Amino acid sequence: MSLESYVIQTDGLGKAYGEVRALNNLDLKVPRNSIFAFLGPNGAGKTTTIKLLLGLARPTMGTATVLGRNIVTDNDEIRRNVGYLAQQPTFYKELSARETLRFAAGLFFKGPKDLIEERIEYLLEVVGLEDKADRPIEGFSGGEIQRLGIAQAQVNFPELLILDEPAAGLDPEGREQVLKIMESLRAESTIFYSTHILDDVQRVSDRVAILNKGNLIAQAPIEELLVGSEGVAYVLVLEGDTQKAYSTLSAEKWVSSITERREKEQTHWVVTVVDTAIAKKRLLRTVLQDDKVDIVDFGLKQYELEEIFMRLVEEDDTNVQ
Amino acid sequence: MSSKTAFKTVTETGWRMGFSALFGKELKTWFGTNAWWQQALLWSLILVLFGSVGIGDPEAGVFIFYMMAMIFPGIAVIIISQERILEEKRSGSAAWVLSKPVSRTAFIIAKLVPSALGFCLSMIFIPGIIFYVVATMMGATLLFVTFIISLFPLMLWQLFLSWLTMCLATFFNKEGPVMAVPFPFLFIGPSLAQHPIYGPLGPWGLIMSSISMTTGDMYPVYPIIITLVILLVLAVVAVIRFRIHEF
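Protein chains in written order, with the working numbering: chain A, 1 to 321; chain B, 1001 to 1247.
Hint data in this document are derived by calculation from the structure and do not stem from the laboratory.
You can trust all of the hints, since none of them are fake.
Distance ranges between label pairs, derived from CB positions: (1) A:D297 to B:R1090: 51 to 61 angstroms; (2) B:S1020 to A:E94: 17 to 27 angstroms; (3) B:I1129 to A:D171: 51 to 61 angstroms; (4) A:K113 to B:T1013: 18 to 28 angstroms; (5) B:S1020 to A:E125: 19 to 29 angstroms; (6) A:G68 to B:S1002: 18 to 28 angstroms; (7) A:K113 to B:I1129: 30 to 40 angstroms; (8) A:G68 to B:F1187: 54 to 64 angstroms.
Each computed EDC-like pair below joins lysine to aspartate or glutamate, with the alpha-carbon atoms no more than 20 angstroms apart: (9) A:K244 to A:D290; (10) B:K1174 to B:E1083; (11) B:K1025 to A:E117; (12) A:K93 to B:E1087; (13) A:K132 to A:E99; (14) A:K244 to A:E265; (15) B:K1025 to A:E99; (16) B:K1025 to A:E94; (17) B:K1004 to A:E188; (18) A:K93 to A:E144; (19) B:K1004 to A:E118; (20) A:K113 to A:E130; (21) B:K1008 to A:E118; (22) A:K180 to A:E125; (23) A:K132 to A:E118; (24) B:K1008 to A:D76.
The structure presented is a predicted model; accordingly, all values stated were derived computationally and were not measured.
The beta-carbon is built from N, C-alpha and C at its ideal position, and this holds for glycine as well.
The whole structure should be built from the sequences, with the hints applied where relevant.
Below, the structure written as structure tokens:
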């Protein structure tokens, strides 16, 4: 992928607050037109990274570019082309939603007035706030503030949308609305968002980076990450005497490991393979050679992001210790 | 739906980036709401009431007006000013605004100047005019132009309190340290102003400049010059500090 294809590229980016290292050696690559989830537990350094990218804080090590521009020396230009939603968006409470969007638009555009108003109207509609457009935002719910936050971030037709925990603290309905809006904006902007809500990541993201205690511990397309670090694995649920089948299968060169678990009368295997093509052809046949074994269930192991996430974070914690 | 190219983009760059929109918004916060006339009404009532104490002695009434116009609106000026920057830093609205194409210098200047205009107009100028009318009706012999000019040092004093408070708000994140410095100035200032040596050497002497303008006494212009210099320094320090602030 060429350099220009990455809307965000960091090279050893880091931030220390005195002795405390909030972010270490971050090498992040966010491809254009992706929905990129920046995942990590609370305090992992996600918000720090976002603030560095936007010039709201200065890096203590490394460099980064956003839309090909240096985050330290060319930040003005970056902010002209980026939309940002803070973790806890706070706007001027005396303004209405429409006035907030008008104020935000005024920082980018000086006219024509009718087009600005048209843009505001469009965004209010996208985020479903047309009915509340002229009410002071003081009385808005968390979900409404969040949606207004997405609308204001989008006011300048940004090439890149940076959303810090866009669905955090929202009820299921509010979360659903925010995710739908994000999906609808996919065609217009690259979306880089931080979150710790794993279900949302699996649903809307193309790529994921996982941050833990300031360190990047994984970065990959979501499908790749979901395959798991051990490679492709199959799940078999068996009945009968599985001992001989286990020995036969273990001896195969294309099998790297078999994890066995017994549950009542059934035996559960997770068979990790090194060659998927051979495994597809021979796995079931090899097991069925033993007529003392019945196969009750068979399939490709589907990892949940939570499983991957927890394992990576635990591994990283162990390594740090 | 129109594309981005159909819009005229803001061309402000450097320190002016975002200034027009922010300045307009801040002006509107004061003059586009009820705040300006409510403050003007409040301070007119309070200052005229205090000034009326000297109903039997119009000159004493004028003196009391100046004294009260130095102290009481100052309390409101400090409280309102500390919120202007501190509240935005703490709530996150400053970070939001600065994530847009807005220079930090523009952000600070857009806070300092519209507030200054609001304080001067609503807390000193309008109450001053109303006091002038009332005092004249009571028999005070004040030249209108001289009286209006005498309000200028009082406005400078309020600006000093306001900008000092805002400058401190760029350094600290809590009200305590931000207000701890301007309040002693406010309460010690009137006494210090009358000190023969130290009186003219700081903004506190501005009240004596105002009084001397209407009484015709000679009083050094140092407080005015010193205050103008201090205001400039406070603005520059606030800008420099805010430019290195990290959110």
